[in-house]
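Residue numbers (our numbering), protein chains in the order written: chain A, 1 to 244; chain B, 1001 to 1603.
Note that these hints are calculated values from the structure, not bench results.
Accuracy of the hints is not assured; some may be wrong.
What the hints assert, rightly or not - Straight line, CA to CA, 27 Å or less: simulated DSS-like cross-link-like pairs of lysine-lysine:
| hint | chain 1 | residue 1 | chain 2 | residue 2 |
| --- | --- | --- | --- | --- |
| 1 | A | 142 | A | 200 |
| 2 | B | 1525 | A | 200 |
| 3 | B | 1308 | B | 1042 |
| 4 | A | 200 | B | 1418 |
| 5 | B | 1308 | B | 1338 |
Said to hold, decoys possible - Covered, in the sense of this in silico footprint (three residues per stretch, anywhere, with C-beta under 8 Å from a C-beta of chain B), are these stretches of chain A:
| hint | stretch |
| --- | --- |
| 6 | 100-109 |
| 7 | 123-131 |
| 8 | 170-184 |
| 9 | 210-224 |
Unchecked claim - Short, incomplete list of chain B residues facing chain A, as computed with Cβ under 10 Å:
| hint | residue |
| --- | --- |
| 10 | 1052 |
| 11 | 1058 |
| 12 | 1061 |
| 13 | 1062 |
| 14 | 1064 |
| 15 | 1068 |
| 16 | 1077 |
| 17 | 1190 |
| 18 | 1253 |
| 19 | 1376 |
| 20 | 1419 |
| 21 | 1425 |
| 22 | 1432 |
| 23 | 1434 |
| 24 | 1440 |
| 25 | 1449 |
Note that beta-carbon positions come from the ideal geometry of N, C-alpha and C, so glycine has one too.
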Amino acid sequence: MTDESRSGDRTKHPHVSERGLKLPVLGAVSMDRRQALKVIAIAAATPALVSCKPGEEASEVVMTPAPVSNPRARGDAWDPDLIAPTVPWERSLTSDELQSLAVLCDVIIPADERSQSASQLGAHDFIDEWVSAPYEANQSDKVLVRGGLVWLDSEASERFGEGTRFRELTPDQQISICDDICYVPNADSGREAAARFFDKVRDLTSTAFWTTPEGMEDLQYLGNVPLPRWDPPPPEVLQHIGLE
Amino acid sequence: MVGQPDGGQVTLKAQDDYDAIIVGSGAAGGMSAYVLACSGVKVLMLEAGRDYDPVSETPMFQLPFDAPLRAAGTAEKPFGFYDATVDGGWRVPGEPYSSAEGTDFLWWRARMLGGRTNHWGRISLRMGEYDYKPRSRDGLGLDWPMSYEDVAPYYDKTEALIGVYGSNEGLENTPNSSPGVLLPPPAPRAEELLTQRICRERLNIPVVPAHLAILTQPLEADRIARMLWPNNEMARRVTAESMRTRAACYYATPCGRGCSIKANFQSPTVLLPPALATGNLDIITNAMVREVTVDANGRATGVHYIDKTTRLEEHVRARVVILTASACESARILLNSKSSLFPDGLSNGNGLVGKYVMDTVGAGVQGQIPALENMPPHNADGASAMHLYMPWWLYQDQARDQLDFARGYHIEFGGGRKMPGFGSFGGIEPLTAGSYGQRFKEDCRRYYGSFLGFDGRGEMIPNDNCYCEIDPEQVDEWGIPTLRFHWTWSDHELNQARHMQRTFEEIIETMGGHVLSTIHEDGAKAIARPGEIIHEVGGVIMGNDPSRSVLNEFCQSWEVDNLFVADGGCFVSNADKNPTLSIMAIAWRASDYIVGQMNERNF
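Pulled out of the complex, with its shape left as it was, chain B reads as follows (with noise of 0.2 Å):
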């Protein structure tokens, strides 16, 4: 298990006094069974993979030239032989999901403890003020239940806690942290701060330090444990004591790997350790959840889940049940837990469960700017992902009706003298016209490092056509009903895909660059696939209102008050901020709550 290096899966027979059922082990299962363990509740955390323990399993510093295909992204790797995602990816091999005609939905899962957390971009935005009230600001999507102020000091604990670097900009609906919250980002790389002048200086685009869950100093963990837990001296205790054992980053070898000396945030180096020393946390690992069960009052019992090393339906219960194994596979669980009381499946009695999925919008372009060729060798490794960032910076043309979208996006960037892999200089013959031979090695010493890729990530807005249903015809090998996707975007996400572009176009060409990439005037054939930016959040929304939606501010169904969806799930509106940091503190948030209805004997 995580912290044992010799590592035995976790198999035990489970008890039967469990206060809380966690499903899935990820951000949200991870940082609900952190807060809850250390809370004093009994926690059983299920999760669908295996066991996986960076640690020990991290390829730190291995070569492409190690790797199968130089470590080419393959069917069962998509990200590349590296990448820290085992059993997953687009698919996960005898556990199907199909897309409604007309729709090419892709759903990236991992089987493993720590799901995706493991191989995340670390990106940690926190979500502002205009983010959780969208539709008051322009009429469009939905409110959440609950404010920017409400949500802010779990930002605060979450970054504390898991360790974010970035500064404080005060730029409109880009919220500072706390003093003494945020780590110290990394200086800039060359690329970077070339670009940055260019941007602010004849485009006024902002770049600004990045926000990424990597450690830059090791954290000062008796000072923050104090401050997470002022009033709980085990908590403050196993808090501290991982906090210890995580090292800080040492600038090389890819995030996306995982990490073994825990500089960055993955759910199984962070989260679940402290959890487990409170002794209050067990884990069952291969147990697929495939309903919720609950008893003639309507309330949940427990869960049923699947044994994938016996193939035998098992069953566990506990006084409350939290859905956590990410949006589309809650939505799920939900739908397939029928029973007379429930025949839609649990929660849904409104019919909105699997409805309002959102994904991110997503764009880029590549390009190759002559001012960064021939550069003095140096090391450019950094810090893995990015260091500075651009937010979005048009709020005010929004509001005055300038672009033919309504929502922001912002803008992620790299390139630069990267460790060399697979084909690193692919597609480079508009620039030597088909160069080979001496030339051609000559124009690749020339080029590298000499390239620039822009990404654009922005908010989409939840529509009907978006959501997901259980597919009539289909079980997983499992034996349950698998997923059916639908998906139609709105000009909003069409029209800003466009608009990613051309700025990108605009800044390569500023730079002095060559755009690389096809411009489309189309938005359709700009934009990524959905799913594809990993961002899918919603189908279980969260609301005032309990026709309106499924759960409450708190993450607590409408109808089964001992039933909570803790993750992406839950989410109402999806801004262009990545929604991981905002899933972790939405968690935090909802484990406080369910502490104080334990405490006072509501469940």
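The following block holds chain A by itself, in its conformation from the complex (with noise of 0.2 Å):
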């Protein structure tokens, strides 16, 4: 086995190499998608050829550079630029729904050892470019996730003091409330709507984090990379699925 192929050799791996792990993904999104991008590009130029004749093995890839747009695409949603995408519709998420979207997204999934927290990688700023979306089921979950927002600082100024928002309530507290409605089918009557909420921001908030270099990295995805060579799975695999 060849070290690109090792899957631990990090600096072959484009979108973990130490560029992409530090790349900022809080604040606005945009931009840091263009910083992304320049590191890929860079980093996943296009392989030419394998270095390799008919019925000869492979023992390189070469690269040469990769294309950073594609003039030819129209541009538009039927035909978009796919080699460097751009969103193109604007956010609606007020600044007051993100800064109480990012507690939750943080609820769901915080900080540890290994990797940051959900809102530290921008997965709050991900719901807002999905509920901010022209399509159908977008703009109904944008009324989904906006309602339970509101619904969130009801429940927490009803359970701990007038006027109290739930972005400010200690975790315990936090908590309380998320228990009664982290499961649909468990909620209690009355509750769906919010239990309903919490599974889609569930749902959103972990796309965003896991999709993200960070994210990937936490997964140990080792994929993605060009390999001169496709070698059985290693012994160790094949040992934990009992085949070795």
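Since each chain sits alone in its own frame, please combine them into the complex, following the hints.
This is the structure we're talking about:
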């Protein structure tokens, strides 16, 4: 097995390179996207030809520069630039809503020793992107998410004192509310909509978190790198599934 | 154009001396153009969509993170942002279709050079000897006018040309390729090996290397070109030169995006470049064909098309017209080609154009396999699609009448430690009881890579109730009358879909896993929507009897001898083998026939 195909070799790994890991992903996401793209374009230039003749085993992948944009694409939703994507719609949540959402995202995926929290990786910004999209399902999710954020504050107010906001509660207090809405089949009557809201935010938070370079690093996803050849699973994997 | 990264659109003014017009540039159109141009036939190809160059346009390595909505599917990009399809999907802007009451048909189109070959699954299974003579075996459906043996040489040639990995297993009705044709299959992934062992040892289901149109080695260009064109020096040269520009797969970035290194098969990287290199092919893009024109003797003279850039009608002429616009689109063109000689549409004297449309029976089940949890980290991308599959294994049970459906299905399966994408951890609450916080984070780590999906792809038997016709009330934005679909499954399909789900449930449970999908008792709930598997074929069926078919075995119209329909429209059965490979083999065979007829000056 070559170094390239050995899964632990991070320096050969386009999107978990040192530079990729340190990308800021909070704040203006579109800006960060451009930066991320630049790094990936450098690291993941289009491999041209595997240096091998028919019948011979390849030893390396030769890289050539990858395109940085696709001038041929019309640029609308049916024919977007797939090489240098952009999000064509404006965000719609208020900064107050985003603050509350960021707290909820971190209740769902907190920081630990392996990776940062969901909001540190921009999950609330992704949810804003999602609910601001012009599609029917996204617009419907926007009602669910905005309504749910109001519900969280109302519930905080009811349980912990007039005017108390969810994002100001102690972790234990936040958990006492979330425990009641974290699983739709178990939600009490009257809390079904809140449970569906929580479920939606959990789904969107996990998508947002695990698709970041840091999220993929946490999961130890080791693909998306060009290999000169494809080898069977390593022995420890075969052992793990009882097939060594 | 293809092969020119700077990419000028092909909008040349058509000459008036073409031997053949080909409508469409996908699997059938690309193959027809390749064979005809290599044989010295002057060809004009018309493509309804835009020019497209996979070399410069494919998003290789881009992450979901880079895309809007983390690359989730949308109305305009139903298979996700990075799917190669542009100007297409379940809807095409400005080009509607409709369904009769009670029908819920889905029609995937791609308005781009290369059509649907750009995003397809690359699964390349041969139809077998049973599949060409199904009615002779069980009395249902229709027989093809030719046999497997007639098409076998063209399967060999097609596989050698496009590059298909796989193995010869000698299984029933699952033909071997000739020696030296297939490329070696990639080693199976961990979850595939585990599934293989359980299925073989405990369920007696064969799990063998899949056949996919992906290069696991560079093609042996000179050897293959000699094999394909022993007596044609120009064809050998353009074929070998084109093959030498294709790299082997480097096992990263999904095939559905297309492939900038040409490791997988797409018409614009594999078929069109050598055809263009002959100098015998011109291509006009953004050319939406409305109808085939005829002369007073009822022979085809050319086609009318709408130039989408000017919105004006154009006419081009040729000695032969070949429709390869996709099964239903070719039927639509024929039905819209009305004249005093052909008041019900061209080649439709017996009323069969549009009839006997088939899709593939589809049903799926998702499972979670504890044995795959907490897997040691490793790269499991592979050739992006499956390395193994299960061919249909119950022919003998069916022969003994032990099943409540007549035809088979194969199983496609996959999962494992793929790149996290949109919704990767959606719907796991039944496993986690709605966990959140640190526990949820750890649950995601634990379950990552432990999901497996099983999808059945089964044969549908053609029936009188599945057809398309012109919708009298609608035209598209090019003024062309549109299609309306009618669909009724028979019990064979519904029972087969139910059997699929039960089989997948059994596999998952035998693996010690949890079934995450609903298993339906009612096959009508298990089955995918008609058209959804994107294997629609038929509608312009071939046969031996001019009164009961539209085409002969060489895709030639019985009524108009210089008119051909060389795409999936000619299919009279739709075996569980995904149709694209057969479409190309049959188109090659038809093209050889056309060349022969031209040499005999029959057109």
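Going through the hints against the structure:
1. A:142 to A:200: holds (10 Å)
2. B:1525 to A:200: holds (26 Å)
3. B:1308 to B:1042: Holds, because 24 Å separates the two Cα atoms, which is no more than 27 Å.
4. A:200 to B:1418: Holds. Residue 200 (chain A) to residue 1418 (chain B) sits at ~23 Å (cutoff 27 Å).
5. B:1308 to B:1338: holds (22 Å)
6. 100-109: holds (count 3)
7. 123-131: Per the Cβ count (3), the hint holds.
8. 170-184: holds (count 5)
9. 210-224: With 13 residues in contact (Cβ-Cβ under 8 Å with chain B), the coverage given for the stretch 210-224 of chain A holds.
10. 1052: holds (8 Å)
11. 1058: holds (8 Å)
12. 1061: This hint holds: residue 1061 (chain B) lies near chain A, its Cβ roughly 4 Å from the closest one there, short of 10 Å.
13. 1062: holds (7 Å)
14. 1064: It holds, given that the least Cβ distance between residue 1064 (chain B) and chain A is near 5 Å, below 10 Å.
15. 1068: Result: holds, 5 Å to nearest chain A Cβ.
16. 1077: holds (8 Å)
17. 1190: OK, holds: residue 1190 (chain B) within 10 Å of chain A, min 4 Å.
18. 1253: holds (6 Å)
19. 1376: holds (4 Å)
20. 1419: holds (6 Å)
21. 1425: holds (4 Å)
22. 1432: holds (8 Å)
23. 1434: holds (3 Å)
24. 1440: Result: holds, 6 Å to nearest chain A Cβ.
25. 1449: Since the shortest Cβ distance to chain A is 8 Å, the answer is holds.
Checked against the numbered hints listed earlier, the structure breaks none of them; every hint is satisfied.
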